[in-house]
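Model the placement of chains B, C and D with the ligands on the given structure of chain A, informed by the hints.
Here are the chains, one letter per residue:
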Amino acid sequence: MIRFSNATFSFKGSAGVSDATFSVDEGEFICIIGPTGAGKTTLLRMIYMDAIPQEGSVEVAGFSSDKIRSKQIALLRRKVGMVFQDFELLDDRSVFENVALPLHVIGMSREDVHSKVDGVLDKLGLTEKSHNLPHQLSGGEQQIVSLARAIVKDPVVVLADEPTGNLDPAASFKILKLLEAIQESGTAVLMATHNYNLVKDRNYRFFEIIKGQVRASSG
Amino acid sequence: MIRFSNATFSFKGSAGVSDATFSVDEGEFICIIGPTGAGKTTLLRMIYMDAIPQEGSVEVAGFSSDKIRSKQIALLRRKVGMVFQDFELLDDRSVFENVALPLHVIGMSREDVHSKVDGVLDKLGLTEKSHNLPHQLSGGEQQIVSLARAIVKDPVVVLADEPTGNLDPAASFKILKLLEAIQESGTAVLMATHNYNLVKDRNYRFFEIIKGQVRASSG
Amino acid sequence: MDKFIYLLMEGYRSLWRAKLSTFSSIATIGVTLSFVGFGAMATSNLARLANESRTDYAIEVFFTQLTTDSEAQEIMNEIKSMDRVREGVLITKQEAAEIFQKEFGENIYDLLDDNPLPTSCKIKLEESGLEPAEIEPVVKAIEAMDKVEKVSYPAKAITLIESYFQGMLSVVALISMAILMGTTVLVSNTIRLTIFSRKDLIRILKLVGATDRFVKIPFIVEGIIVGIAGGVLSSLLTYLFIRTANSFLMLFTPYQLIWDWRVIILLILVVALFSILGSRKAVKKLLT
Amino acid sequence: MDKFIYLLMEGYRSLWRAKLSTFSSIATIGVTLSFVGFGAMATSNLARLANESRTDYAIEVFFTQLTTDSEAQEIMNEIKSMDRVREGVLITKQEAAEIFQKEFGENIYDLLDDNPLPTSCKIKLEESGLEPAEIEPVVKAIEAMDKVEKVSYPAKAITLIESYFQGMLSVVALISMAILMGTTVLVSNTIRLTIFSRKDLIRILKLVGATDRFVKIPFIVEGIIVGIAGGVLSSLLTYLFIRTANSFLMLFTPYQLIWDWRVIILLILVVALFSILGSRKAVKKLLT
Ligand SMILES: Nc1ncnc2c1ncn2[C@@H]1O[C@H](COP(=O)(O)OP(=O)(O)OP(=O)(O)O)[C@@H](O)[C@H]1O
Ligand SMILES: Nc1ncnc2c1ncn2[C@@H]1O[C@H](COP(=O)(O)OP(=O)(O)OP(=O)(O)O)[C@@H](O)[C@H]1O
Ligand SMILES: [Mg+2]
Ligand SMILES: [Mg+2]
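Chains as they are written, first to last, in our numbering: chain A, 1 to 219; chain B, 1 to 219; chain C, 1 to 288; chain D, 1 to 288.
So that you can see chain A by itself, here it is in the shape it has in the complex (with noise of 0.2 angstroms):
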């Protein structure tokens, strides 16, 4: 599903990530800890093909990114749900709307895309809040509404970058066990966390990644 061989994306002058050789199978659950700028977010973009090893490659759902196009990074991103760290909502566009964006660009239908909208709202309990612009939203229910974007689409891989971090303990919680149901179905699940007490119990398979160095953890 997922190979990383030596991929190598460092910045001017920061680390970014370094020589990271793992791979990831279907249905697998893998949390992402490390200290605050150890590279977990370039990691995962590096997932998602925005950031294209400098070194090494990396193998997602079939795309290599050594030959990699434009097009073909499209394609791949319809089979990967992502929850940004920064949500990546759209300001002037319903919630509604946000979570349909993906459904749209595969060109799905319209009746498809409102009975599909409608269900995953309704198993976030954000249906009251469906018309409402991100801004008049709380943080938490914003990144909820991130998260129903990356999962509305039924990928093959969800990447949560910090999916809990403006939750409470309670919804943090709720969000792991439907991260755990799409698993289940499945889908592989990567998830960068610094909450190491909500997860730490859990039968995940842990990488600890510091200063771009990523190796598996015991947790």
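A few of these clues could be false.
Below, a list of computed lysine to any residue pairs in the SDA-like style, where the Cα atoms sit at most 20 angstroms apart [as the list claims (entries may be wrong)]: (1) C:Lys150 to D:Ile99; (2) C:Lys102 to D:Gln65; (3) C:Lys206 to A:Tyr48; (4) C:Lys284 to A:Glu128.
Hints were generated in silico from the structure; no laboratory data involved.
Same frame as chain A, but now just chains B, C and D with the ligands:
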């Protein structure tokens, strides 16, 4: 310092904050906890007069929400340091310039701005990143920049909305100690957080807010 | 199909969302291009006018003193039947006397018993305008005729008008090009600005897996809508200009600017082209 | 003081940051206002031309047959010394014969032994232009003189030109107003667009305690810079227009458009005013 008298701010159809009455003295450390969408951010917005209560009143540093005018809101905000949940950094300005903004607003001289900003960036370990633009920082680093901007002007009140949401436990604890040091110098600190584990053992005054209802809590 | 409708809707909605910017674009395009439109109209009219004046000079034929008006009429008819001759007007001795009166304030019969002024006629050559070299043989043929005393025609003036017209054409072309170039920069910048203000949308669309084409189409739809609206506006303004110019000209000359649909169609096509090119260029720049 | 420098710098830097938008604003203002500038120049020139043509008609004085050229000269000098008379040109019998030759293609001495054409002179009235009613007494006075046979002047034409000129003025005023109004909308929209693209900056400045004035000043500085640059650009373009128009006019008439500094200064002032007003209005709207 801060006094809420039956203050209510509600959104059309949504909760917000209702009928809050409490007061905060100089040098107090208040921790506001509560689930997502409870009204924590709204409460803080009422303190910096971004949300003027529809009923009741809020008094901060001698300014009362009843009769405050546009010009005075600016003066009030110069005394209040705010860490925003979504950071509110200027995308097209470096870390240094973002942190310097409140000092330029009060008309501080160039040299003073430099020494002040350099001092704060140093204390928060951001010196190396001072020329980066916000999108060239990790999520946690952006959050620390937002904090730096809040404290650079030596405010009389610091309002910190989820200041550790993007930080790992060690960094979070460091920030907590920093806020405590600020508090000890006589500044009131109000912090909204979900990270109950981080704060539960500390000697703060706790407010719990649920569906807009604020009440004191033992923590 | 759903996708196509969605994209059309997106283009339309994004226009509506950015009302201010849209209005500004349309106004800018409309106003600047109405100048181009008016310029083009004026040029096409001017060219027509110049062409008319090129063929508007007269060849004057003076007859001998003893030629009667009816003889002169006969000779003129002969001349009129010649190749390349368009029309002829006879000026009888009596008419010449009237011209004299107008010019010198005196009745010639008050001064003299007899009218010494010769009969003459004015000849005009064919509509399309002739090169000076083509006029010579006509003049020679008339001079060779019986009872014709003298033929005068503005040989030098014709050559001058020829060269003036060439100069005029190149000046007009230069001005038009300058305005068009200025307009191009303006239009493409305006559209770039519009797109620039939505770089968030572009980034997020790409993050959720939109192809470049999907991102582009709404902007191109938008460009077309803005372009057509701008084109229509500039046509309206051009029409107003022409009407104003005409009521202005009316004060001085019977000559009126003629509305030319081809110019308007060309104008709208040019605007649409620029708008589409501007959108494409701007999107391309922001997509990488 | 530090604050003031900071605000100036801010205005300048924000211009530089938004190069595209700045360039677009300046270009828009420059281009559209250069049309206004050219229009204003043309109008001021046209007004001058119209005024000249108002006073350019000649009063023709024909002398009796027996008046010699020198006598005529004397009488003309007398006329020239009259009130309201600007200049006079004598047309001797000999010159009249040349005009005859040009008009009729015949030498009058070939036809007759003696030249029957009278001596005449052309009189022009004072520069500023006279009402038809003011001309009558002058004509009456000349007619009353010795050796003057006849005075002719285009009374009807003068009345016509008067009314034409009034009509022309109101048409020109109308066009200018229309262009200026269009420009105002355009300029203020362009600046609003620029400001609109920085609403993040405004929000954050207000959050960290900036007063309205602090937020406004950089935009106003920016408005002034854009305005002055736009004004200078439009002046340059107007200059180019005038040069082109002159080299164009040269082909047809000796008349040339004259560069008028007052128009340019007015232009720049108008642009600056609109820019500042536009900025203020836009900031006001976004500050609440
Ligand atoms: N565009 C960029 N240009 C330069 N440096 C960058 C850029 N983006 C990130 N960095 C740097 O790379 C390092 C890794 O960043 P990354 O965002 O991957 O960290 P992270 O593990 O996600 O941190 P956090 O937990 O705070 O989100 C950081 O030091 C950051 O400053
Ligand atoms: N501008 C707005 N218009 C309408 N409703 C709003 C607006 N802003 C906030 N709300 C609603 O008010 C409630 C309180 O929001 P607030 O941001 O205060 O919550 P919070 O306690 O900060 O939550 P979080 O922990 O998720 O940040 C939420 O239900 C939110 O949806
Ligand atoms: Mg990160
Ligand atoms: Mg909040």
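Going down the list of hints, with the structure as the test:
no. : hint                 : verdict
1   : C:Lys150 to D:Ile99  : holds (18 angstroms)
2   : C:Lys102 to D:Gln65  : holds (17 angstroms)
3   : C:Lys206 to A:Tyr48  : holds (11 angstroms)
4   : C:Lys284 to A:Glu128 : violated (39 angstroms)
Going through the hint list in order, the structure does not satisfy hint 4, though it satisfies all others.
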